[in-house]
Amino acid sequence: MSMVYFVIVIVLVSLVDIKDLISQNKKRDLYVYVAIMLLVGAFGLFYYINPDRDSLSKILISLLGKGV
Amino acid sequence: MRQAVVLFLLLVFSTSIRVLPPYAAKAAGRAGWLIPVFSVLPFIVLVYIMQAIFKNYREASLADIICRTLGKAPGRVLLILYLIWLMAFLGILVRNFAEKFLISVLPNTPQSFFTVTILAVVFFCVRGGIVNITRTAEFLFLLFTATFVFLFLFTIPNLEVINLYPITYYDVWPLIKASFPNISIWGAFTYIFFLGDRINDKEHAKRFGMQGAIYLVITTLMLLVQTIGVYGYSVVGRTSAPYISSVKSISILRTVERIESVSVTSWAIADFVPISVLVLIMVNIIKTLFSLSEEKALVSPVVIFAFIFSQYVAKNSFELERFTRYISVPTGIIFGSVVPLIILIVGKIRKTI
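These protein sequence lines map, in sequence, to chains A and B.
Every letter in the first sequence is one number past the one before it in our numbering, and letter 40, counting from 1, is 40.
Every letter in the second sequence is one number past the one before it in our numbering, and letter 187, counting from 1, is 187.
Since the hints were made in silico from the structure, they are not lab data.
Some clues are possibly wrong.
Stated by the list, open to error - Once the Cα atoms are required to be at most 27 Å apart in a straight line, the calculated BS3-like pairs of lysine-lysine come out as:
(1) B/K72 / A/K66
(2) B/K287 / A/K19
(3) A/K66 / B/K55
(4) B/K72 / A/K26
(5) A/K66 / B/K177
(6) B/K315 / A/K27
(7) A/K58 / B/K315
(8) B/K177 / A/K27
(9) B/K287 / A/K26
(10) B/K287 / B/K72
(11) B/K315 / B/K206
(12) A/K58 / B/K248
(13) B/K26 / B/K206
(14) B/K26 / B/K351
(15) B/K315 / B/K72
(16) B/K72 / B/K177
(17) B/K72 / B/K296
(18) A/K58 / B/K26
(19) B/K55 / B/K248
(20) B/K55 / B/K287
(21) A/K27 / B/K351
(22) B/K26 / B/K315
(23) A/K26 / B/K351
(24) B/K248 / B/K72
Said to hold, decoys possible - Listed next, with one range per pair, are the computed distances between beta-carbon atoms:
(25) A/N50 / B/N108: 37 to 45 Å
(26) B/K55 / A/L38: 38 to 46 Å
(27) B/T168 / A/L45: 36 to 44 Å
Source: prediction; values computed, not measured.
The beta-carbon is built from N, C-alpha and C at its ideal position, and this holds for glycine as well.
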């Protein structure tokens with residue numbers, strides 16, 4: 001359910017921002033914005049597909065050999 | 001510049017309250033309250049470094065200076081590294097905001113409720129521009145300082161001198177080691193200069209930086225005395241939020257008690273500003289990296305990222321604490337204190353600073 005809310009928020013916010021950028025005719029800003037938003041969206045989907053996966057903290061600390 | 005230092009002080013204090021007391025108590029025992037005395041020297045050096053870097057670039061931001069000093073490609077690589085670190089830092093701040101409510105007054109509330117609330121407020125405020133944030137910060141800074149001082153004064157009857165003394169010369173080395181998280185947190189002074197193009201009279205960075213240093217030493221001493229002095233280092237070292245616990249111990253004339261909600265509120269106020277400032281800094285870095293003209297639109301991806309990262313970074317406060325200890329502290333020292341020194345040295349060698 002959280003993933004659905006997340007996608008709705010991403011789509012709504014993107015639509016508002018993209019509309020704003022198009023009206024100002026800022027193509028470079030638009031491309032960068034879309035690229036960053038896609039990356040953020042992908043990161044969000046990666047998290048919501050399995051929220052119980054190991055956290056970043058656990059992964060990094062085990063890489064450092066400190067254990068959790 | 002004065003307003004920039006106020007932003008920095010709120011950024012520091014929000015982190016210090018949570019991170020410093022347990023770390024100081026574990027690493028330096030009952031001498032832990034002396035940490036700020038040991039960390040102020042590196043901070044003064046940092047103030048001088050920033051003053052030297054901006055001596056000839058009064059209208060530039062740190063991102064512009066990095067690109068001019070190191071060259072376009074290495075400069076951009078360094079900016080991307082700063083961006084990654086600040087994204088992580090922002091996620092941790094947002095998560096800490098939620099954790100403080102969860103461990104103090106609202107333990108059974110979903111964590112995302114707090115993160116969504118603060119990020120929604122930040123989203124609308126940051127889109128209003130930096131002027132709104134800085135003016136709000138000035139007012140909130142006074143409010144926060146007044147609350148902090150009053151709570152400290154009310155805690156004085158609960159202080160036990162035995163928890164703070166004796167201190168011997170054997171405590172010097174543990175104190176130096178325990179100063180690292182403080183140096184890392186105070187290194188946030190560097191991040192404020194990413195907004196350098198909007199900071200006027202940077203020639204006074206030294207003066208305001210020194211005033212900030214005095215404020216930091218005094219308030220951090222108060223924070224550590226208030227926590228270690230009330231419960232002792234062995235308890236503080238094992239507690240998640242010792243500051244709130246020490247405020248819980250306040251009893252005014254045995255009638256007014258349990259006023260920790262006041263400290264949680266003021267702490268939440270202190271959190272709003274750093275989160276907003278970090279969002280602004282990241283937007284500014286992205287703008288410089290891709291040579292963009294519009295920054296309002298970039299606020300939304302940064303805020304959404306902060307929400308996801310705050311959940312992904314750690315599953316519980318134990319993991320968060322370990323992340324802070326093993327990753328945030330050393331990374332904060334590198335990006336806050338070491339990199340500006342390297343930029344200054346390279347700039348002097350290449351005669352760009």
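Checked hints:
no.: 1; hint: B/K72 / A/K66; result: violated (37 Å)
no.: 2; hint: B/K287 / A/K19; result: holds (19 Å)
no.: 3; hint: A/K66 / B/K55; result: violated (43 Å)
no.: 4; hint: B/K72 / A/K26; result: holds (24 Å)
no.: 5; hint: A/K66 / B/K177; result: holds (19 Å)
no.: 6; hint: B/K315 / A/K27; result: violated (40 Å)
no.: 7; hint: A/K58 / B/K315; result: holds (9 Å)
no.: 8; hint: B/K177 / A/K27; result: violated (51 Å)
no.: 9; hint: B/K287 / A/K26; result: holds (13 Å)
no.: 10; hint: B/K287 / B/K72; result: holds (15 Å)
no.: 11; hint: B/K315 / B/K206; result: violated (41 Å)
no.: 12; hint: A/K58 / B/K248; result: violated (32 Å)
no.: 13; hint: B/K26 / B/K206; result: violated (33 Å)
no.: 14; hint: B/K26 / B/K351; result: violated (45 Å)
no.: 15; hint: B/K315 / B/K72; result: violated (39 Å)
no.: 16; hint: B/K72 / B/K177; result: violated (37 Å)
no.: 17; hint: B/K72 / B/K296; result: holds (25 Å)
no.: 18; hint: A/K58 / B/K26; result: holds (22 Å)
no.: 19; hint: B/K55 / B/K248; result: violated (47 Å)
no.: 20; hint: B/K55 / B/K287; result: holds (23 Å)
no.: 21; hint: A/K27 / B/K351; result: violated (37 Å)
no.: 22; hint: B/K26 / B/K315; result: holds (23 Å)
no.: 23; hint: A/K26 / B/K351; result: violated (36 Å)
no.: 24; hint: B/K248 / B/K72; result: violated (53 Å)
no.: 25; hint: A/N50 / B/N108: 37 to 45 Å; result: violated (25 Å)
no.: 26; hint: B/K55 / A/L38: 38 to 46 Å; result: holds (41 Å)
no.: 27; hint: B/T168 / A/L45: 36 to 44 Å; result: violated (56 Å)
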